[in-house]
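Between the sequences and the hints, there should be enough to build the whole structure, so can you do that?
Here is what each chain is made of, one letter per residue.
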Amino acid sequence: MPGPRMSKAPGVDPEEFIKEVTDLYPTKVAKKRQKHFIVRRPDEEQAIEANVRTIPGIITQRGCCYAGCKGVVIGPVGDMVHIVHGPIGCAFYAWNTRRNLFTPREDGKNYLPYCFSTDMQDEDVIFGGEKKLKQAIKEAHEIFKPKAISVHATCPVGLIGDDIQSVARQMKEELGVEILAFNCEGYKGVSQSGGHHIANNKLFDQVVGTDDTEPEGKFNINILGEYNIGGDAWEIERVLHRCGINVISTFSGDGSYDEMKRSHMADLNLVMCHRSINYMAEMMETGFGIPWAKVNFIGIHAMAKSLRKIARFFENEELTVAMETVIAEEVAEAEAAIAPYRERLKGKTVMLFVGGSRAHHYQEVFKDLGMQTIVSGYEFAHRDDYEGRQVIPELKVDADSRNIEELKVQADPDRFRARKSTEALEKLKAEKVIDYYEGLIPDMGNGTLVIDDLSHVELEKLIEKFKPDMICSGIKDKYIIEKFGVPSKQLHNYDYSGPYAGFRGAVNFARDVDMMINNPAWKLLKTPWETQPILKAKLGSE
Amino acid sequence: MPGPRMSKAPGVDPEEFIKEVTDLYPTKVAKKRQKHFIVRRPDEEQAIEANVRTIPGIITQRGCCYAGCKGVVIGPVGDMVHIVHGPIGCAFYAWNTRRNLFTPREDGKNYLPYCFSTDMQDEDVIFGGEKKLKQAIKEAHEIFKPKAISVHATCPVGLIGDDIQSVARQMKEELGVEILAFNCEGYKGVSQSGGHHIANNKLFDQVVGTDDTEPEGKFNINILGEYNIGGDAWEIERVLHRCGINVISTFSGDGSYDEMKRSHMADLNLVMCHRSINYMAEMMETGFGIPWAKVNFIGIHAMAKSLRKIARFFENEELTVAMETVIAEEVAEAEAAIAPYRERLKGKTVMLFVGGSRAHHYQEVFKDLGMQTIVSGYEFAHRDDYEGRQVIPELKVDADSRNIEELKVQADPDRFRARKSTEALEKLKAEKVIDYYEGLIPDMGNGTLVIDDLSHVELEKLIEKFKPDMICSGIKDKYIIEKFGVPSKQLHNYDYSGPYAGFRGAVNFARDVDMMINNPAWKLLKTPWETQPILKAKLGSE
Amino acid sequence: MLDMTPKNIVERTALRINPAKTCQPIGAMYAALGIHRCLPHSHGSQGCCSYHRSHLTRHYKEPVVASTSSFTEGAAVFGGAPNLRQSLKTIFQVYDPDVVAVHTTCLSETIGDDIPSMIKKAREDDLIPDGKWVIHANTPSYVGSHVTGFSTMTKAMVDYFADRDLQNSRRINILPGYVEPPDMRELKRMSSEMGVEAIVFPDTSDVLDTPMTGQYQMYPKGGARIESLMAVGGSAYTLGLGSFASEAAATALETKCSVPFRMLDLPLGVRATDRFVQAIMEVTENEPPETMIFDRGRLVDVMTDMQHYLYNKTVAIFGDPDHMISLTDFLVSAGMKPVFVITGTPGKRFEQRVKDILKGVVPNPRVHAAADLFYLHQLIKNDPVDLIIGNTYGKYIAKAEDIPFVRFGFPILDRVGHSYFPTLGYRGGIHLLMNIVNTILDRQDRDAPDERFELVM
Amino acid sequence: MLDMTPKNIVERTALRINPAKTCQPIGAMYAALGIHRCLPHSHGSQGCCSYHRSHLTRHYKEPVVASTSSFTEGAAVFGGAPNLRQSLKTIFQVYDPDVVAVHTTCLSETIGDDIPSMIKKAREDDLIPDGKWVIHANTPSYVGSHVTGFSTMTKAMVDYFADRDLQNSRRINILPGYVEPPDMRELKRMSSEMGVEAIVFPDTSDVLDTPMTGQYQMYPKGGARIESLMAVGGSAYTLGLGSFASEAAATALETKCSVPFRMLDLPLGVRATDRFVQAIMEVTENEPPETMIFDRGRLVDVMTDMQHYLYNKTVAIFGDPDHMISLTDFLVSAGMKPVFVITGTPGKRFEQRVKDILKGVVPNPRVHAAADLFYLHQLIKNDPVDLIIGNTYGKYIAKAEDIPFVRFGFPILDRVGHSYFPTLGYRGGIHLLMNIVNTILDRQDRDAPDERFELVM
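Chains as they are written, first to last, in the working numbering: chain A, 1 to 542; chain B, 1 to 542; chain C, 1 to 457; chain D, 1 to 457.
Read the hints as simulated data drawn from the structure, not as lab findings.
There are no misleading hints in this set.
Chain A regions said to be covered by chain D (calculated; three or more residues, Cβ under 8 Å):
#	stretch
1	55-63
2	151-158
Label pairs and their in silico Cβ distance ranges:
#	chain 1	residue 1	chain 2	residue 2	range
3	D	T284	C	D96	31 to 39 Å
4	C	G360	A	G347	17 to 25 Å
5	D	I9	A	A328	54 to 62 Å
6	A	Q34	D	K221	30 to 38 Å
7	D	G195	B	D443	54 to 62 Å
8	A	T27	D	D3	53 to 61 Å
9	A	P520	D	Q215	18 to 26 Å
10	B	E406	C	D3	39 to 47 Å
11	C	D96	B	R344	38 to 46 Å
12	A	P520	D	N364	49 to 57 Å
13	D	F78	A	T422	43 to 51 Å
14	D	E11	A	T27	56 to 64 Å
Glycine residues also receive a C-beta, built at the ideal position from the N, C-alpha and C atoms.
Structure follows, in structure tokens:
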């Protein structure tokens, strides 16, 4: 039975579609790819293949380990100098391209608009790049005097045997500033995902828990996996502050090295991008006793729900009242603002192929707009992002995940502090308030499709068959989709708009979706003579 | 004997040139045009035909009476509303096109960037435009509350019998603000020149001498015939102020109605543009006893000379000393600044066809640059501008000059005040310090040409024959000249540069002339294959 | 800037402030320059001719040569016939044009000079050499605007030259309207690419955009040839682009030579250009070439690629009526909101036409013919817009109100580009849209706080 | 903006800050897109391909499709042969290109993958269907720059396709250099107008500037055809435009097929375009058509008309070396003073060439190859300039120092126009100069006090 909105492409059976599209591949490839598709059946427990190698030659959305480490997690930290050790390209492409916004703190330090690289040359590849890396760190220190420097390895570095960890240790000693070295060579893992993990490990190991300054707020939290694209973090913080909540640190949007150092003083971690940051949430819980709650700040009602989760956690009357007041005000305001857009958008269909959490999060704001997600999938997620964290124990360690280190974390002898009684924590877990994420699949409607690591040809066929009103994806797909006459929203960078998180973000999003779907320029794709016969001259005035 | 620099076109005899070029005309026309040419012979007294009708069909630089009145003399007064009574075009073309700069005074009034017109329609031409003019004045008064309004008649106004003087009187009475009406219909006179005279008459009649406030300075002057193109007046005033001289009023660049009202309180009038303003100088001398001195602020040495004339007039030790100090400083500075330009420009030839005085004034700054004026002429001058004021008594009143009123001025019974003893004044006259202008011709070199009211075809032939390094003219000629590959400096509007007057202006001018003559782009006019044979492929790298 | 302009709008019935038009003769002069070897002649005071030449020169930065009857008071009183006779004599001997295109002025119109009779007499008296032409247009400055003058002189070309005997059923006429030389060139390129023989007239390309070669030519290479102007009388039909500038000539040609005509909007923007292309397809009975379809698709591509920067932006536009009609449609098709649409040229049908386009797009648009920039400025003061599009004079408002500004229309006195890059046709649409988008992006960059300064846009 | 940049210049030997170049593979990918029905293939980690596609997409706002060998650690250790084999199998079945253009990355180069052997083996094993091509270029990211990668892939076209037997002595080859699609189109238009049959390769026109029609085409209409790439081996000779991007292919073609070549500067500006035209005249033995001479003259006309705004203005320029050489010459010929000329691409001959052009014009110019924008910014901090010209990254410096900025080069991520309007040739020169002049005029208007706000400029 096809889902309610799949009917827009009448006669298209999703199962048949899967067969049809995977039949385009060589047989072995087809077999593998089939496992990355499911047709959602709400009454079934459904498993999907994820976080495995992309078959070579398939045109994929995926990037590399370096992109996940430097590009996603570490790059947004604005008060550090991030040096890319390798040939110039990797540094160049990650220079200002991700829209992770940052405001300098009181010290005025802001290295975000800069691109630092060792610009490795052939002689460095032949004779080793450690010397150049050391010199580069020295030069960065001399010119910029940053409090901390990161070093990111790109593909050739590991292969030629540069020991960047040792360089980092030496230079830290020599210069007296923290140096974080990330062995995030591009070929590690199967996508950006490995890089997230490497980044989390190092931040936890060398940064978190190194400054015990007491936080000022009454309700202290960190936000994890929020990268402040287009100012999302600022809108989220605006609302949290209104409620009386203090954000110690954000990992890593608008991120500050100093703030991360004292992030272990929080009482609760909020997890936005489950995929990129759940390692950190886990490790901080084990190491410091901080529970975490999965939140979704995308969408008016998702935002309200997430706020209530926080209130539930803190179990404080004053906070709960404050929060409900804020929610009532902001929801009313936002709903009024999106009403005209909703009027024009309801019933429209959308497909989402984004990253490791947004393909889930954004379904909520589309619901606010009365739009239906008919196909959804991730670029680099793991099965737990699809199916929920309960599958984690089943996940197999394969050749590609084995090389990403799994830190063995133990409770910090001095700093571990249980935030609640065991009973209270168990109760919150049972209520799914903390330490819980159910994944994307349960939220998908009957008969909709879930597709992991979507390929170019699959995208083409999806558009041809299902004719969606909008597809949310990334820059590489955007203009392919739009050439079909279908508006495509970039959900990595928001088409240079935003913020989209929080109440006001949802209004921005509604405006932008309306702008794209209802833009009159889409009516011009066909020439009039494609649709009308050529008329013989009618004379006179127009 | 040809002049020293005419040799650049060897074999071209200027007399022959005149014949050759006038031979292009129909015989009767040729005969008339010949009188507008002279080949300068310093040992002869030479007369030239000027201020007579341009022969219909000849492509002339000249404009109309309205342009001389509104466009030149009245338009620059910034604290008045100037309404053009007529169809829209006349107002439109004179809107912001002349670069007569203005700074609002304390009252903040500045109507210069505005264009006011009665935008006469066919029904106004048929039924008369007085009603519309009255209404327009009322509307201007209601919206802008100016202290004075001017009204300028364009061609049809006189023909249809609108009595704008009567309208002005009525509205002045009704609204209680001064209204100056100018009967400057375009067809009056033979060029802009008639308009200057009409403007002078009205200003003298209705504005000058209506506010007897004592001036604050010790040495009080007016500057007449300075229109502040590109800020000339400001540079002149800068130097005068340094010397201790107070400028009460400028006619009419950066001009203020309020200041003109008290201009009769000055001790001396300086006359820049003799052609457009000598009426005012004469009338103020007769009416209020203010002597006038012809000055030329264009060029380093001309500027110095003009300053010394002022010192000579005031015969004040302190002023003389101050002036010499200023001159010494400023001349040294300016000469140093132009030295590199002079190096690249000396020996270059120039032709000047501008207005009614600039074709004379600018010869001085070209001399500073070591450049030679080989042909010069005016667009709308009278014989006195060429030959000197001694010819004025000989000038015949013809059909075209008769309709421009000659005011009968008498000494103002209350306000006339002799500025010096009769003897002192006579002495100054004898020394040619005051009330004297010798005209352009005496300054022209042997064998050079003087041409009045240059026509298009004459310009073409001049370029072809004499191949000058630069021609100074107006916007209509500029691109014609430049298509020949000859740089053309607009001396009406300074090519949107300036100031060119005063010491610093001379430096600006030197820079700009150098920029034009030595611009490497002039070397690109010919394709290389026009001058070089096509080479057979030479292979290898460039 | 413009500090004297109050926000409060007072109704005016007599005072025009900061006009959005000028007078007929300059349009007639411009049209006449679109005939090869033609000398425009201004029958009136010297000032008119001087002003028109100056303003056209400032706009094109090119030689603009024209002669004048140099009226003095005598002529104003006794009539301008002797002046015109003297003019023709001088002109043909000295400047040797093939055509003298006489237009009148408010002066000669007010005194009622009868130009056709004068021309007839001059012809009889051998003041006009054999094989030479003198044509005329009545262009009283107190009627219509510069657009009317252009229209009238274009009609004069029909009246004097069109010959119904030169039949060619595969040939069409295109009346380009009061547009720029590169626009005329683009219309020729497009029709030629579509395989139709088209006579575009007037045609100022290669007249007002001549090369710098060190060789001055009083009559440059361009301009409609007399043979062509005669042949228009035998063409299959006429496409008139923009009714304000072209309908008079189209109608005259139908009346004189029975050439049927069709009026179209100026082909500016996708939809209006589509209609132009379709009209030619009716003759060729063929699809346009793929290159043209691609140009169209590229224009649409820019519109969809940059839609975020265009959508719902409010715009104030002013200029000539034919341009404003098509521009309004173009902006609407790109998702923008032209809230104020102003022309100085009179014409109620203009207001109706623009309001029709804006129906359902802009709730309460201010659309005014015979309006001025002072009024537009006051509208903007009361309701600021995101963008202003118009001729150079708009920059004073843009500066006063700190609003992004795109130059478009006549005159443009302070930038380069309009002489070389068309705004008509699909390619022209890309050029104009590029200017609009980049102007909006420049402003975003200017105003962006450091942390919101975007690398990619 | 860029507040951390100190004025004091410290010598650096290891740290590259704000590069003025990127790595070879993106250039190879761009070149490969200039073959019709070609799929570029990145032999390395997924990230490279993703980054290159993203950056090219941002620049063109167009689909950029390429595949990758998707190296994981296993491939990095044991070699990428299986990945390439799997890739070819998948690609030909699923995406059906005519050509797969493989370029290497730092990863596959570091481990020493032998691509020719792999291709040979794949061919033997029938992984490459008959009539299909797999070509390759070695593009280690740690050598040269994106320009080198373009050059190498262009040379690969010669190595794989050129066939000396397809003789045609009236045909020439044009290596356009690393230029934009409209530039390639303009080179084709110019040579066609001059009556010469020219093969321009690579040719990304109609590939990276495709229309929006509602029909996506994975392989658009454009790109050099395989027949053409074969025919280059029998042409009369090769014009290589820009030695950094084109000399390798020109030399290879001479070596392989004895086609003589001539290296020219990129035809940007009057003088360099003159030399390009002259080089074609040597084949045609004819003058170029009048329209082209007129285009040239119009460019010179803008230069003389607007000289006041250009003369002696100091300019900082940065970009690819072939562009910088011609741009320096163009600016000098317009009276400007390029005081800082920077490229990120290494090459001593670049420095010499630019200094030669600046001799006698700029007393002590800073001309640097293998330099970066951090250094350029510091130079500007010490000696401010009147204008900056360069790719989008220059806008940070321009904002920091409040200096007018013209976008030119690769990448332009934040404005439209570069995909549609050439900067090469005489027409391209007008477009570029228009941008320069208007940018300078915009700044003058911005900074003008009210009383000096000019109507006419």
